[in-house]
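A.B. asks: Listed here are the chains, written in short residue letters.
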Amino acid sequence: MLKVEGVSKSYRGNGWLGGERRQVLRRIHMEWNKGESLGIIGESGSGKSTLGRLLLGIEKPDEGRVTWGGRPITDRRARRGTISAVFQDYTSSIHPFYTVRQALLEPLKLVGGPGDARKLAELLRQVGLDESYLDKFPHELSGGEAQRVCIARAVSSNPQCMLLDEAISSLDGSVQMQVLELLKGLKETYGMGYIFITHDIMAAAYLCDRIMIVRNGEIEETVETSQLRHVKTDYAKALLRKVIV
Amino acid sequence: MKLLKRLLKDKLAAASLAVVAATLLIGLFAPLFAPHPPNEANMELRFAGASWSYWLGNDHLGRCILSRLIYGIRPSVLWVLAALGAAACFGAALGFVAGYFRGRIDAILMRVCDVMLSFPGYVMTLAIVGMLGAGLANILLAFVVMKWAWFARVIRTAVMQYADADYVKFAKVLGMGHFGIMRRHIAPAALSEIAVIASSAFGSMILQISGLSFLGLGIEAPHAEWGMMMNEARSVMFTRPELMLAPGLAIIAVVSAVNFLSDALQKALDPKLAVSGKRTSVFAGGMMRGLRKKEAA
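First to last, the sequence lines map onto chains Z and F.
Note that UniProt numbering numbers the first sequence so that position 71 is 71, with each residue one more than the last.
Note that UniProt numbering numbers the second sequence so that position 203 is 203, with each residue one more than the last.
Derived from the structure by calculation, the hints contain no laboratory data.
These stretches of chain F come out as covered by chain Z in the derived footprint (C-beta under 8 Å, 3 or more residues):
1) 166-175
2) 185-197
3) 264-271
Straight-line C-alpha distance at most 27 Å; calculated DSS-like pairs for lysine-lysine:
4) Z:136 x F:2
5) Z:242 x Z:184
6) Z:109 x F:272
7) Z:3 x Z:232
8) Z:3 x Z:184
9) Z:3 x Z:60
10) Z:119 x Z:109
11) F:5 x Z:136
12) Z:34 x Z:119
13) F:9 x Z:136
14) F:2 x Z:119
15) F:11 x F:272
16) Z:119 x Z:187
17) Z:187 x Z:3
18) F:9 x F:272
19) Z:187 x Z:109
20) Z:136 x Z:109
21) F:272 x Z:136
22) Z:184 x Z:119
23) F:2 x F:272
24) F:11 x Z:136
25) F:2 x Z:109
26) Z:184 x Z:34
27) Z:3 x Z:34
Some chain Z residues near chain F, calculated using beta-carbon distances under 7 Å:
28) 56
29) 76
30) 80
31) 85
Positions of the beta carbon are idealized from the N, C-alpha and C atoms, including for glycine.
Take the sequences, apply the hints, and build the full model.
C.D. replies: Shown next, in the form of structure tokens:
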């Protein structure tokens, strides 16, 4: 469904004439299939978030292409209502001038879905919040509440795929677990799949069917979650040794 | 309407809005409000004091000061507002393009801004007026030429800050177009920044146009303009101080009202400031705005 073919990405340095280009991703090939939960793990600077932005179609690759059902994902009509996202920084994920109601209505309006109060209340209920939150501004929410609103907003357009870019990293441990449980429940309710970008292998293993390990802009290894103990590369073994005692 | 309601909750903002709105209305409909023609000279009433038919008295040519004050709103406030609007729109458009799209276009635009901002503003305005000749149109042109770069620079910085926010990324993921993102997400957030710099620029432009008229480079006689009225009253500054006081107080009132209004507008636009209303945040915001105004000046 979502196909990445030979994608490379580099960024120009700062300065008037640009400076040297820094290669972030090198010839990435991967696929995400409908209903699947794929974890993308790697250390900071490995290129996983850049890969996430390319998968979301909000940046263009230097080489190769990313397609959704054969259409380039950079075509905004191709991704409208099909893919959604939750980002790490919940403080900047909701427009500071928007109430929760306005934030939830935005994707609904774009995909032409119903935007009545009942639908909004239902969305909030699904993420464990009640309708009293509808008229609150983001600064009136706790981190966990704000991230739940972001999740509700992401599922409101009924996407087939939700990309979670370090979506639980900035939450407290107990809230992380609650959000993971919530995501698992939503997967069953909506039948959608996830692309879960994280540096937390345990969280990825909990939520995902398949895990892709990224290192220095290249895919080091892809493995089924059930086979996680039998990874082949030394880097993947070393990564796992840090969390599995 | 919500914004207006929030704005009117602040008494100072409501009073400032009333002053600004009244000034604009009186200026626009000056012939309806002015009791006498502004250029009608009557040497018998030279330096006459206040009376029932001439509320603020008469100047050195026996002209009605109140009528000249009312007609003076047009060049001193309305035309300045038009020039400010032109500079702000042009600067904001370039600032939005540079801050949102970045890359080479940003680098080129900002170097042009650097060149423009490297000239001292007042001296350059004087130079442009000197080259093109005295007169309102040339002063306004000089204002637009000198101010757009400042708007572009500040708005570009604000846009860059908002364009990186995750809610903008989310809007892009949803498939919202660039124009939609700028209109719905970035412009409302950047508007408070624009309001602050526009208000400080408005104040300084009113003072500059009055200053240029005071120096004899602005509005040409016999047209009324607040700065020129002060210049004309200079010779009788100690014997008839009220002749200088009327336009001087008018300038102070309008500039202060605009500054108060911009501060209140920033608070009203940002729900965080509007809801908390705490002294600390307002004080901190005030300090930041003060610093920006100092930069603008």
